[in-house]
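Undergrad: Each chain is listed here by its residues.
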Amino acid sequence: MVNINIEVRLFAYLRELFPSDSRGLKKMEIKNDLTIDRLMDEVGIVEKEIMIVMINGLRKLDYNETMKEGDRVAIFPPVGGG
Amino acid sequence: MKICRIDMSTKNISFEEVKEEYVGLGGRGLTSRVISDEVNATAHPLGKNNKLIIAPGLFAGTVAPSSGRLSVGTKSPLTGGIKESNAGGTAAQSIAKLGYKAIIIENKPKDIELNLIKITPEGVTIEDASYLKMKGNYDVGNILREKYGEKVTVMSVGQAGEMRLTAASIAVTDPEGRPTRHCGRGGTGAVLGSKGIKAIVIDPGKTNEVEYFDIDKFRTAARGFSKAVLGHPVSGQGLPAYGTAVLVNILNEAGGLPTDNFRDGRFEFAENISGETMFETIQNRKGQTTHACHPGCIMRCSQVYNDKKGDYLTGGFEYETIWAFGSHCHIKDLDAIAKMDRMCDDFGVDTIDTGVAVGLAMEGGYLELGDVKGALELMEEIGKGSPIGRIIGNGAAFTGQAFGTERVPVVKRQALPAYDPRSVKGQGVTYATTPMGADHTAGYAVTSNILGIGGVVDPLKKEGQVELSRNLQIATAVLDSLGFCIFVAFAILDDTTAFPEVANMINSKYNTNFDINEILESGKEVLRLEKAFNQRAGITKAQDRLPEFFKEEAVAPHNVTFDITDEELDETLEF
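Residue numbers (my numbering), protein chains in the order written: chain B, 1 to 82; chain X, 83 to 657.
Please keep in mind that the hints were generated in silico from the structure rather than gathered at the bench.
Heads up, a few of these hints could be off.
Claimed, not checked - Below, computed lysine-lysine pairings styled on DSS-like, alpha-carbon distance capped at 27 Å:
id, chain 1, residue 1, chain 2, residue 2
1, X, K543, B, K27
2, X, K414, B, K68
3, X, K544, B, K60
4, X, K543, B, K48
5, X, K200, X, K229
Quick caveat: nothing in here was measured; it's all calculated off a predicted structure.
Chain B on its own, in the form it takes in the complex (with noise of 0.2 Å):
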C-alpha cells in the first residue's frame, strides 16, 4: 500500500466542506486503495449518487474506482444552465 497525491476541487455549495479561503480547491494524500466513494465520505459528501465526479475531465460512473498520483478530482452537486 502506498500514498498517492491528487488534487480535489469541490464546486457550487460543496465548497462549503473545505476552507473559505481554499476556493473549493485542496490538495489530500490518500492510500491508493482508496475508492472515489470512499474519497467523498472523508471530503463529507452526503448525497453521493447525484454528485458529477470527474477525473481527469472524464465522468466517473463507477465509485468503486481508485485513482493514481497526480489526478484532478472534480465533483459538482446537480448544476445547470444553459
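Using the hints provided, position chain X relative to the given structure of chain B.
TA: Quick look at chain X alone, frame taken from chain B:
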C-alpha cells in the same frame, strides 16, 4: 384570440380571426408556420417582403409555471434562413392577456422612419418615435415608461437594430422594466428596424382574456408540473442559487470551455469568471443572486449584478455571455465582462455573436488577445455607429470576413456558443443541423453529455449523439411552441410525471385529447417546416456542417476532434 396584422407601408392595422389550422399553434410553432406560409424564402430579409411575427407560447398568461417565453420569427438577415428567437420578460404574458395570438408586422415604409407601436385594451396604434433616434434600450425604456406609465412592457431595438446590423436583438423588459431579456440570435432586431419600428409598448391594464376549457384540471396539472420542476435538483436548487454561470467551471473541468477562439478546452482563469465568483461578487455588493425574468417563473435563474460602488450594472448575465467575452477572448475580468453585457443589452446586440466577433477582431490582429481595455472601447463603437462598430455589430461571420480570418466558428453564419463541439459532441450535432444556425438551446445535449440529466452519453464519443440531438431538437420545438422556458426540460428528462402533466395542461386548456406522441409529432412538424423553408432559401445539407478546423484540429485536454461524419449528421433531422 385574434391575430393583429400591421402594414408598415400603408400604416393599416387589421384584426383577423385565427384560422382553424393555426388554433393549435403558438410560439415557435406559429411563427415558423406563418413565415413558411407567407414569406417567399428568397425574399431579402430587410425588404418589404419579409415579415416579423411576434407570438406568445400556447401557455402564455396562464398559471403554468415558467411559461412566459415570447417567440419572434422572421427570415434571418444573419443566416438567410428561417429564424425563431425567444426571450423571457413580460411581453408574452401581456400580449396573451390582451387576447392576441400573434402580431404580424409586414411591408416597410418607403423612407427611413422611426415609429412606435402601442398595444393596449383600447387597440393598436402607430405613433411617431423619431425622438428615440439612436437611443439605447435603457434610455428608450425610461423615456417610454415616463410617457406611458411605469407598468408597461417595452420591446425595443437599440442603435444596432436601427442600423439594421445582423447581430441586432430585440430587447424585452423584465418585471423591473430593465431591457435585460432579448430575442438575441439571428438579427431579428435588424428586421424590426427595417420596418421602421423602434419600440412596441404593451399595456394590458387589468384586461385578461386568457381562457381555459377546464381551469380546475389545468390548475391541477400545472401544480403537478411545478412540483416536478421544483423537485429537480437543477431547476429547484442549482439554477435559483447560481444561475447559468455555474456552467463555467463544469465545462472547464470537462474540457469543453472554448478558449482563445476554440484553441483550448480549458481556460486558466476560469475561476475568475465562474458562477461561484459571480455569486460571491453579487452578495458582497448587495445585488440579487436570484431573480425571476417574468412573473410566474419558479426557477428564477436571473440575477442583478452591481458594480463596485453597489449600483446596478446589469442583469440576466448568462454563462454564454461570460464565455463569449471571457475565455473566448482570454479575458478574466468579470466586471469588464459585465460592462460588455450591459452594452449588448443597451445597444441591442446578441451577446454570443458579438462576443465571438470581438474575439475574431483579436484573431484578425485588430486587438491583442485578452486586451480588456481594447475590447471595452471596441464595444462602445457599436453604440456610436462607427464603421468598426458596425463590423462588430454585424456579428462573428461578418467580422471574421472583415479581418480576413479563416478561423471563424459559425454555422449558417451564426456564431457557435459556449460548448466545444469536439468535447461535447452532442452539441456539435445540434450546432450543425438545427435550422437556426449554431444554437445551443435548439437541442441542448449538454444535459446527457455533461450534466447527467436524461441519462448519460459520453461527450467525447460519437455514439448516441445524433439520436440525442434529434430527440432534444424535437422536444425543444414543442417547448418553444408552448412558451415554456427550456429549463423545464431538466424535469421532463428526469421525472416521468412531468411530460404527462404537459399533455394534461394542453388538453384542459384547449379541449383536446393529445397524447405525448402526438405532442412530439407537432415538434417534428415544426422542424420539417423550418428545414423546408431553408431549402427553398438555398440552405442545403452543405450548410449543415461545422467549420473544417473542428474535424482537423484536436482540442486539449482530451485531444479530440469532431469525428461525426457528414452522412451521420444528415440523419439527424430525417423524419
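Undergrad: Hint by hint, note whether the structure agrees.
TA: For each hint, the structure was consulted:
| no. | hint | result |
| --- | --- | --- |
| 1 | K543/X / K27/B | violated, 31 Å |
| 2 | K414/X / K68/B | violated, 31 Å |
| 3 | K544/X / K60/B | holds, 18 Å |
| 4 | K543/X / K48/B | holds, 26 Å |
| 5 | K200/X / K229/X | holds, 12 Å |
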